[in-house]
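Model the placement of chains B, C, D, E and F on the given structure of chain A, informed by the hints.
Number of protein chains: 6
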Amino acid sequence: MADSERRQRGVEMMKKVYAGKVVTPPPGVMPFSDLMLEQLFAEVWTREALPIKERRLVLLGVIGALGEKDTFQIQVRAALENGELTGEQVREVLITLANYAGYPRAAGLIGPTEGTIAAVEKEKSG
Amino acid sequence: MADSERRQRGVEMMKKVYAGKVVTPPPGVMPFSDLMLEQLFAEVWTREALPIKERRLVLLGVIGALGEKDTFQIQVRAALENGELTGEQVREVLITLANYAGYPRAAGLIGPTEGTIAAVEKEKSG
Amino acid sequence: MADSERRQRGVEMMKKVYAGKVVTPPPGVMPFSDLMLEQLFAEVWTREALPIKERRLVLLGVIGALGEKDTFQIQVRAALENGELTGEQVREVLITLANYAGYPRAAGLIGPTEGTIAAVEKEKSG
Amino acid sequence: MADSERRQRGVEMMKKVYAGKVVTPPPGVMPFSDLMLEQLFAEVWTREALPIKERRLVLLGVIGALGEKDTFQIQVRAALENGELTGEQVREVLITLANYAGYPRAAGLIGPTEGTIAAVEKEKSG
Amino acid sequence: MADSERRQRGVEMMKKVYAGKVVTPPPGVMPFSDLMLEQLFAEVWTREALPIKERRLVLLGVIGALGEKDTFQIQVRAALENGELTGEQVREVLITLANYAGYPRAAGLIGPTEGTIAAVEKEKSG
Amino acid sequence: MADSERRQRGVEMMKKVYAGKVVTPPPGVMPFSDLMLEQLFAEVWTREALPIKERRLVLLGVIGALGEKDTFQIQVRAALENGELTGEQVREVLITLANYAGYPRAAGLIGPTEGTIAAVEKEKSG
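Chains as they are written, first to last, in our numbering: chain A, 174 to 299; chain B, 174 to 299; chain C, 174 to 299; chain D, 174 to 299; chain E, 174 to 299; chain F, 174 to 299.
Bound-form chain A, shown alone (with noise of 0.2 Å):
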């Protein structure tokens, strides 16, 4: 595949992965975003084995495991914008996380996820 193909098919499953919000730098502006886009997205996401809500909800709860409060977020407004996900199953997710990652790790989570919760609600009814 050219390259400037396998660039185009990243930013292309970027924006399926996060629900349309995506502003990537010009390619060869910043590595870091150039292998995010031309491995991880056009290489990995793009992969039909596993669904996007699939490999989002490993996703989940890698990164609530780690404790990302942040990219935690991001996961859960997307998978709450695509419909992978209801609000009420979002919580549920807090509460696997809780039992197999611990409650701290659990417990940080519930004011921002309400929140990204309430948002996405109120975008979808206005």
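Hints are computed from structural coordinates only; laboratory data are not their basis. On a predicted model such as this, the values are computed, not experimentally measured, just so you know. Each hint should be verified, as a subset may be incorrect.
Note that identical chains are pooled: a pair holds if it fits in a single copy or bridges any two copies.
Distance condition first, Cα-Cα at most 30 Å in a straight line; then the derived DSS-like pairs of lysine-lysine [what the hints assert, rightly or not]: (1) 188 - 226; (2) 242 - 226; (3) 194 - 295; (4) 189 - 297; (5) 226 - 189; (6) 226 - 297; (7) 188 - 242; (8) 194 - 242; (9) 194 - 297; (10) 242 - 189.
Only chains B, C, D, E and F this time, still in chain A's reference frame:
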């Protein structure tokens, strides 16, 4: 709910989660096991808003991120035996872990996971 | 045990663990909170074989190792208000964390922890 | 304090912490061991504001959260041999870990910990 | 070595490690700081077998994997000010973290790290 | 770049990183291995801004902090065989880990690491 009913509910749910293979000590012998049955299985896994398959995908992400290799195999085996995931999809979980929890976490899981996939496929075809 | 009794037991234990400062939503509003009260506080913290102080020391080790800074302060404050630990002993917990969980985990806790110690001392003398 | 005095202090403290079972290489042979004796044991564990039992409870939380299974058993054995914790209390530490560091971390510790409790009880009654 | 000499050695090493910017409380005021100076800086960083630059690279890996964002910036700033790493090389450290500790750990470090690189470059050219 | 060229570049880089000892399945047989070669080795390790030795030091910090004992030995062996680090310097990496990721993480690495150092020294002198 009466305590004995709650426990029974936990045992039944645990069988569903682990594809029927469950040995539990009698009540009162091992407090850790009592709590696991009466809380985790009777009152968390039974919550229907997130089906078993979806909850397990979150779990595979958590356990993979924590690097708990033995527990990971137990969950992979159950997912395969329950028909929630194919072998190919389990391999996608490892690829997701490599990118989101880092190559070292995923690398140590490849050998045992391939072993589990092969063992379950043999049992199913046997 | 009836469900309402179990919940009441959880609320009372939670008050002991957090030195009286507890706000909980009514039953059925927030499943995460229901489970925390009915499982973690009603059925784990009430286990008398390990007194609150000893269980909290284990907890401070866990939360420190996980790097959950906000939750750590909540536990430190409760331990000080309950008279389980002195300010000097809380500082020893940080020294222990530096050696057993690494300096980076402990370093970020020093500022907030000194703030918590000062605040509680002021309240007690005020 | 003279260097040899400092080292001697570390060796003596290490014996207390590990219930008398200590083998250390001669000074200068293994820098890691020198630092562990002269810093960790001579200058951290000797700090009297937090007694050995309390420091070890923090430590069990840290090691449990990190998932270092072998080191966890060494500490459990020492706590039991020193009479700091009973077997029942060690089991409570595991229950605490399950809730605060997640079930996967605690689950892998149950088998070896029961083995350690049984071994120490046999030695004590033997 | 006399205690005051040891402390002085720690202060001097700490200045080298942090590119001259060091404020330390007087001896005896804050035990955590005393131990950090007398152990970590006087007796670990001074070990010449591994030069500062090499030890810091290991450290950046550790702190990145732990996700300690503030501490990471302090080390990046020191590495840049000491001329151990260029801005481009710091960006490579983030790319390495994305692959070996997972994208979520690295993603949260990009913004602050670019800020640190820009600030140091401005100071140097200013 | 053509796909076959990219893969070939990955195989060659992997040989440099692992001191020549590399077995890879043919393309298409194992997707995880394909991605590791074509992304991690062909496009990350080949980035010249951070030489192999420096990237590996970051990596040793990450893997040590994660507690991935087997992977740590593979990297130590490669660093020794490539002449990037001496045995004495590898021991300093462990001392750094003890202080920055905590003693429990480093303690479990000492035995296997000494074994790896001894094995490589024997091979080199043999």
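Structure-based check of each hint:
In this assembly of identical chains, residue 188 and residue 226 lie within 30 Å of each other by CA distance both inside one copy and across copies; the values are 14 Å within and 26 Å between. For a Cα distance limit of 30 Å, the shortest separation of residue 242 from residue 226 qualifies both inside one copy, at 20 Å, and across copies, at 24 Å. Proximity of residue 194 to residue 295 under the C-alpha cut-off of 30 Å is restricted to the intra-copy arrangement: shortest distance 17 Å within a copy versus 32 Å between copies. In this assembly of identical chains, the alpha carbons of residue 189 and residue 297 lie at most 30 Å apart only when taken from the same copy (18 Å versus 36 Å across copies).
When the C-alpha separation of residue 226 and residue 189 is checked against a cutoff of 30 Å, the pair qualifies both within a copy, at 11 Å, and between copies, at 23 Å. Taking CA atoms no more than 30 Å apart as the test, residue 226 paired with residue 297 passes in both settings, with 19 Å inside one copy and 27 Å between copies. In this assembly of identical chains, the alpha carbons of residue 188 and residue 242 lie at most 30 Å apart whether taken from the same copy (21 Å) or from different copies (28 Å). When the C-alpha separation of residue 194 and residue 242 is checked against a cutoff of 30 Å, the pair qualifies both within a copy, at 19 Å, and between copies, at 25 Å.
Within a single copy, residue 194 and residue 297 get their C-alpha atoms as close as 15 Å, which meets the 30 Å cut-off; across copies the closest is 37 Å, which misses it. When the C-alpha separation of residue 242 and residue 189 is checked against a cutoff of 30 Å, the pair qualifies both within a copy, at 22 Å, and between copies, at 29 Å.
Of the numbered hints stated above, none is contradicted by the structure.
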